[in-house]
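Asks: The whole structure should be built from the sequences, with the hints applied where relevant.
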Amino acid sequence: MATDSARVNTSPHVSDEIRKTTCYMCACRCGINVHLRKDENGKPKVRYIEGNRDHPINKGVLCAKGSAGIMQHYSPARLKAPMKRVGERGEGKFEEISWDEALELATSWLKPVREKDPKKLAFFTGRDQSQSLTGWWAQNFGTPNFAAHGGFCSVNMAAGGIYTFGGAFWEFGAPDWGKSELFMIFGVAEDHDSNPIKLGLSKLKARGKKIIGVNPVRTGYNAIADEWVGITPGTDGLFVLSIVHELLKAGRIDIDYLIRYTNAPWLVIDDPKAKDHGLFLRDKDGNAQVIDRKTGKIAAYNSKDVKPDLKGEIDLKNGRKAVPSFTLLAQKYLDDRYAPENVAEETGVPASQTRRIAAEIAHAAFEKEVVIDQPWTDMKGEKHEKMIGRPVAFHAMRGISAHSNGFQTCRSIHLLQILIGSIDSPGGFRFKPPYPRPVSAQPAPHGGNIPNTPLKGPQLGFMRGPEGLLLEEDGVTPQRIDKAYSWDAPMSSHGLMHMVIANAHARDPYGIDVLFMYMANMSWNSSMNSSGVMKMLTNKDENGEYIIPKLIYSDAYSSEMVAFADLILPDTTYLERHDAISALDRPISEPEALCDAIRWPVIEPDREVRGFQSVLLDLGARLGLPAMTNEDGTPKFKDYADYIQNHERKPGVGPLLGWRGKDGSKTGRGEPNPNQIDAYIKNGGFSETHVPAEALYFKHANAAWQNWAVEMGLQDAPVENVFQLYLEPMRKFQLCAEGKAEPQPPETHRQRILNCFDPLPDWYPPFEGASINLADFPYHALTQRPAAMYHSWGSQNAWLRQIHGHNPMYIPGEICDEVGLKDGDWAYIISHHGKIKVPVKRMNAVNGKTMWTWNAIGKRKGAWALSAKAPETEKGFLLNHIINELLPPKGDGHRWSNSDPITGQAAWFDLRVRVEKAPAEDEVSQPQMDAQNNPVGSPDQTVEYGKEWTK
Amino acid sequence: MTLLPAQTDKKLGLVIDLDICVGCHACVVNCKEWNTGGYGAPLGDIEAYGDNPSGAWLNRIHTFEVTPEDAPAQIVHFPKSCLHCDDAPCVTVCPTGASYKRGEDGIVLVDESMCIGCGLCAWACPYGAREMDPVENVMKKCTLCVDRIYNDNLPEIDRTPACVRTCPANARHFGDFADPNSNVSKMTRERGGFDLMPEMGTKPVNQYLPPRPKSRPEETIEIAPAFVPKADEGLLGWLDRALEKLG
Numbered sequence: 001m002a003t004d005s006a007r008v009n010t011s012p013h014v015s016d017e018i019r020k021t022t023c024y025m026c027a028c029r030c031g032i033n034v035h036l037r038k039d040e041n042g043k044p045k046v047r048y049i050e051g052n053r054d055h056p057i058n059k060g061v062l063c064a065k066g067s068a069g070i071m072q073h074y075s076p077a078r079l080k081a082p083m084k085r086v087g088e089r090g091e092g093k094f095e096e097i098s099w100d101e102a103l104e105l106a107t108s109w110l111k112p113v114r115e116k117d118p119k120k121l122a123f124f125t126g127r128d129q130s131q132s133l134t135g136w137w138a139q140n141f142g143t144p145n146f147a148a149h150g151g152f153c154s155v156n157m158a159a160g161g162i163y164t165f166g167g168a169f170w171e172f173g174a175p176d177w178g179k180s181e182l183f184m185i186f187g188v189a190e191d192h193d194s195n196p197i198k199l200g201l202s203k204l205k206a207r208g209k210k211i212i213g214v215n216p217v218r219t220g221y222n223a224i225a226d227e228w229v230g231i232t233p234g235t236d237g238l239f240v241l242s243i244v245h246e247l248l249k250a251g252r253i254d255i256d257y258l259i260r261y262t263n264a265p266w267l268v269i270d271d272p273k274a275k276d277h278g279l280f281l282r283d284k285d286g287n288a289q290v291i292d293r294k295t296g297k298i299a300a301y302n303s304k305d306v307k308p309d310l311k312g313e314i315d316l317k318n319g320r321k322a323v324p325s326f327t328l329l330a331q332k333y334l335d336d337r338y339a340p341e342n343v344a345e346e347t348g349v350p351a352s353q354t355r356r357i358a359a360e361i362a363h364a365a366f367e368k369e370v371v372i373d374q375p376w377t378d379m380k381g382e383k384h385e386k387m388i389g390r391p392v393a394f395h396a397m398r399g400i401s402a403h404s405n406g407f408q409t410c411r412s413i414h415l416l417q418i419l420i421g422s423i424d425s426p427g428g429f430r431f432k433p434p435y436p437r438p439v440s441a442q443p444a445p446h447g448g449n450i451p452n453t454p455l456k457g458p459q460l461g462f463m464r465g466p467e468g469l470l471l472e473e474d475g476v477t478p479q480r481i482d483k484a485y486s487w488d489a490p491m492s493s494h495g496l497m498h499m500v501i502a503n504a505h506a507r508d509p510y511g512i513d514v515l516f517m518y519m520a521n522m523s524w525n526s527s528m529n530s531s532g533v534m535k536m537l538t539n540k541d542e543n544g545e546y547i548i549p550k551l552i553y554s555d556a557y558s559s560e561m562v563a564f565a566d567l568i569l570p571d572t573t574y575l576e577r578h579d580a581i582s583a584l585d586r587p588i589s590e591p592e593a594l595c596d597a598i599r600w601p602v603i604e605p606d607r608e609v610r611g612f613q614s615v616l617l618d619l620g621a622r623l624g625l626p627a628m629t630n631e632d633g634t635p636k637f638k639d640y641a642d643y644i645q646n647h648e649r650k651p652g653v654g655p656l657l658g659w660r661g662k663d664g665s666k667t668g669r670g671e672p673n674p675n676q677i678d679a680y681i682k683n684g685g686f687s688e689t690h691v692p693a694e695a696l697y698f699k700h701a702n703a704a705w706q707n708w709a710v711e712m713g714l715q716d717a718p719v720e721n722v723f724q725l726y727l728e729p730m731r732k733f734q735l736c737a738e739g740k741a742e743p744q745p746p747e748t749h750r751q752r753i754l755n756c757f758d759p760l761p762d763w764y765p766p767f768e769g770a771s772i773n774l775a776d777f778p779y780h781a782l783t784q785r786p787a788a789m790y791h792s793w794g795s796q797n798a799w800l801r802q803i804h805g806h807n808p809m810y811i812p813g814e815i816c817d818e819v820g821l822k823d824g825d826w827a828y829i830i831s832h833h834g835k836i837k838v839p840v841k842r843m844n845a846v847n848g849k850t851m852w853t854w855n856a857i858g859k860r861k862g863a864w865a866l867s868a869k870a871p872e873t874e875k876g877f878l879l880n881h882i883i884n885e886l887l888p889p890k891g892d893g894h895r896w897s898n899s900d901p902i903t904g905q906a907a908w909f910d911l912r913v914r915v916e917k918a919p920a921e922d923e924v925s926q927p928q929m930d931a932q933n934n935p936v937g938s939p940d941q942t943v944e945y946g947k948e949w950t951k
Numbered sequence: 001m002t003l004l005p006a007q008t009d010k011k012l013g014l015v016i017d018l019d020i021c022v023g024c025h026a027c028v029v030n031c032k033e034w035n036t037g038g039y040g041a042p043l044g045d046i047e048a049y050g051d052n053p054s055g056a057w058l059n060r061i062h063t064f065e066v067t068p069e070d071a072p073a074q075i076v077h078f079p080k081s082c083l084h085c086d087d088a089p090c091v092t093v094c095p096t097g098a099s100y101k102r103g104e105d106g107i108v109l110v111d112e113s114m115c116i117g118c119g120l121c122a123w124a125c126p127y128g129a130r131e132m133d134p135v136e137n138v139m140k141k142c143t144l145c146v147d148r149i150y151n152d153n154l155p156e157i158d159r160t161p162a163c164v165r166t167c168p169a170n171a172r173h174f175g176d177f178a179d180p181n182s183n184v185s186k187m188t189r190e191r192g193g194f195d196l197m198p199e200m201g202t203k204p205v206n207q208y209l210p211p212r213p214k215s216r217p218e219e220t221i222e223i224a225p226a227f228v229p230k231a232d233e234g235l236l237g238w239l240d241r242a243l244e245k246l247g
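Chains as they are written, first to last, in UniProt numbering: chain R, 1 to 951; chain W, 1 to 247.
By construction, these hints were calculated from the structure, which means they are not laboratory data.
Heads up, some of the hints might be wrong.
Claimed, not checked - Over 10 Å on every C-beta distance to chain W, these chain R residues come out as not near it, computed from the model:
1. Asn41
2. Lys307
3. His384
4. Glu921
Stated by the list, open to error - No more than 25 Å apart at the CA atoms, straight line, and that leaves these computed lysine-lysine pairs for BS3-like:
5. R:Lys740 - R:Lys321
6. R:Lys636 - R:Lys650
7. R:Lys849 - W:Lys230
8. R:Lys210 - W:Lys245
9. R:Lys311 - W:Lys186
10. R:Lys297 - W:Lys214
11. R:Lys307 - R:Lys273
Note that this is a predicted model, so its numbers are computed, not measured.
Each residue gets a CB set at the ideal place from its N, CA and C atoms; glycine is no exception.
Replies: What follows is the structure in structure tokens.
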């Protein structure tokens, strides 16, 4: 058999060098080993990309997107040089210009705005992983109009979590995969955390633990779940509160946990006519009051040795009373409204299934408690011999977030987690450092608009109550172009990027001078009403000027948005750039370790492109922004790498945690280290600092955690974190709406605030369905992200587009039968806003009222260097065209955003539709837009990647 | 006509766990990027940015919807690559001897220098596991990463097929089925691993593990109350007793 061995070289040369950096093929930020090998001309070229085994996020594995990074890096759609528009907006006709000319042009547009009226700059970044830099830049510019893409992504999830318990799914926490007995996953396609979730599911399966998938569509994770709950879109909150009903009825909640860690015992004032009705009873120092079980008298919740009660009633003077918030909570959810039978029709979940899942949760939480032999001390000084956990874990994402009731739904899931005592207890949900970080430890949002003056604080933060709204002096008009932190969306922690173009075009609340965007395909798949947005970007006023006068855009690729820009600042690919995956920003920690990471140029750019963050610092210096300019007027930072190493947010605290101090010996706090990036490169591109064993759980109340977090520079002092089941700021907005407190909302908004701002997690029907005739639009339509594609980026990728080159509409069999549709037919999908024509695919593993398609596969002709008749343009389509950024008019003249009324989260999945059979005709999806000019040229159509290395 | 070895010393192959495969295509793409610059001709793509993009892949995922008689419809993701059969019809049909099964480990390979691109082997394979490269016109197939698993230039831990190393769900396992104590043999025994289409008589080496049974919506379990309810104490009557227990 020796001859067989001789026929193949089993030990060929693999690569000349491995460079370790961070992936950017999606938002996961996995560690990658980039193998470089010389091509036939001796130039280093990417041979292979694999997961970095040492990396805390992906532990060596890598998804389809990450593995297709080679095709993204060498994509023919890469922009090559700065460009100035020479045609009309939208045509895509440009001339290449020098970087100096581009930066001078941008400066000449931005400088007068800053000198006169800074808010006339709207600076919105998309899938930006450097928000601590971009936000800081905008703050220094002095415009209130900054946000990234969170408002149209998953702000409900982030805000619902932070407001409730100081954490959130994904970036701020994770399931305890190794110890959970039962796992429930809500509304998750391939949204975020893709590799860690798959690794985690695999761990659960290996341990034989049950996975329950709650999702209208039974694909992906829901396909392998042991149980599928095929819920009707927008009703998850009702389903969860029905589980809460069952648990309360049976007494299957963790009373001790509620008393120790939550505001369940805090007394709520009951005095219906008073202006503090529904607020917490507080002493003169502002401490919330509880009833002491020993004495029956009121005491501060944090007084020594108090044993707070969860029931009872205290008589205050003059007929005023107060009851523990738990009493209100129990009254609310024990109501028959929430009985499984009474929610079954709305949710589509049989009562027996809801009831059994409640029983399984109770069983796992209380009969299978996890005990870790690890003593710890809480922040009150009480010593605990062991860590005792309730091993039920939950995870949720966009399917929950992207509804107009998403904030309350997220809060409902957290309520359930907290009632059974599973937040940061073994087997439950675990905080990831630097979290927990409750609202009290978060910045408040800052407005302002003073010429040549930085804002006093960051634009984005967490609203404490009505007094902090960002309104003009009339108390009504929003300060911000996206109307964040106004009566439209008082607690909009991530802004409303999806409203910027529509509002600027409507000059409501005002027109702008410059729209500056980064990495956000807002003329296409990242906007609602894409066809309408394209018009808004090209419409001109009576003087023949564009209504949105100047548009600067930075992207690495020839996307649909490029065609609408006046000035293009071309970005690098992810393998050509510096980045900091910073704990100041969106951390990549795991529950047991504080982590951050970098990107660095593992390949040198071969085009006239620059990393956007370096360009922003250059622009900052040209504009003379104080934080970016030396006293002599020279730039303070050479480039982004220089900033990453030398910028300090406060003394000793900078973008990166590892290897601080002049000699790199310090972690967390320490002066800048001139060799910090090199130290990261040597360590594989990341830093990882393990949390001490005593601090691994109950971080919200754990003294060891608090001390460690201070030592690491994550916070300056211990932070108290009492979980807010009853959310007082919500009640404050209701009091304004009731006319009992200032400021007063406009009449148009009163009822909506009363209805939606319940301080206890609540469910109300999604807005779009509630504002149209449901008989006309009986079905739901939504999208999910494929595992092998990230937004629009994937279509330029020669490999990924072979997997998802077009997107049928998957329609439930019963609807197909009713309408007379079969595979290969075409259908019109019609909403209150518009009509699209799409290819049909029948499917049964889906909620019977819900059709769906893959997200962002459809492309405009001419974009992404694709051929004119590419399947993405001919057969692919966007659901965005039939989703309006506004709700149907109510006749009150107000432009009601299609968003969550609390956070402003875009309500993509509220969409209601009907279906009609369409003639196949030319078998091309509708609408079709005019082609945009392709500024990057036509690529070779034959790819034989790696041929020079093969024999 | 090419001969198969009478038996092989090892039987290297994959176990693919259908209970955990989420259909993410990580294995598919990582396979392509490793192999396009590795063994034999690159895995070419034509009309890469055009109207009908297609290319050669050594591993693909097929997605099926199945509707059991008495349970809701469900989705099964089915990764498929060469199964390195003991009785490989693709080898015996090869007119030039280009296709062969290695005696030492059972891996089925194509010696591209002898391949005339006739395509008979692809016709003979009942699994559709071989693909003609659209640019070079040679037959491509899974090599079980023969240029990784013995490669002295890779760390020992990485001497495993690219699809196995990259799978985020840990649905793919590599080992020697000739060894009854290997990870793959044990897993196959314990989980009821099965041959794909045994009726074809190809004796595939790769094994598939079936999905676990699913819970059904109508199954019932009653919640066990924390406290036995007393008459007239109301829905939250248990709360007093719960608080008493806390002291």
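Asks: Run every hint past the structure and note whether it holds.
Replies: Cross-check of the supplied hints:
1. Listed as a non-interface residue, R:Asn41 keeps its Cβ farther than 10 Å from every Cβ of chain W; the least gap is roughly 16 Å.
2. The Cβ of R:Lys307 sits about 8 Å from the closest Cβ of chain W, inside the 10 Å cut-off, so the non-interface label is violated.
3. The beta carbon of R:His384 sits about 15 Å from the closest Cβ of chain W, which is more than 10 Å, so the claim that it is off the interface holds.
4. Non-interface status of R:Glu921 relative to chain W is upheld: no Cβ of that chain comes within 10 Å, the nearest being about 18 Å off.
5. For the hint pairing R:Lys740 with R:Lys321, the CA-to-CA distance comes to about 18 Å; that is within 25 Å, so the pair holds.
6. Taking the CA atoms of R:Lys636 and R:Lys650, the gap is near 17 Å; set against the 25 Å cutoff, the hint holds.
7. With a CA separation close to 43 Å, the supplied pair R:Lys849 and W:Lys230 exceeds the 25 Å bound.
8. Proximity of R:Lys210 to W:Lys245 is assessed by CA-CA distance (about 31 Å); at most 25 Å being required, the pair is judged violated.
9. Of the supplied pair hints, the one linking R:Lys311 and W:Lys186 is violated, its CA atoms being roughly 56 Å apart against a limit of 25 Å.
10. In summary, the hint linking R:Lys297 to W:Lys214 is not supported, as the alpha carbons are separated by about 52 Å, beyond the 25 Å threshold.
11. Proposed proximity of R:Lys307 and R:Lys273 is contradicted: the alpha carbons are some 31 Å apart, above 25 Å.
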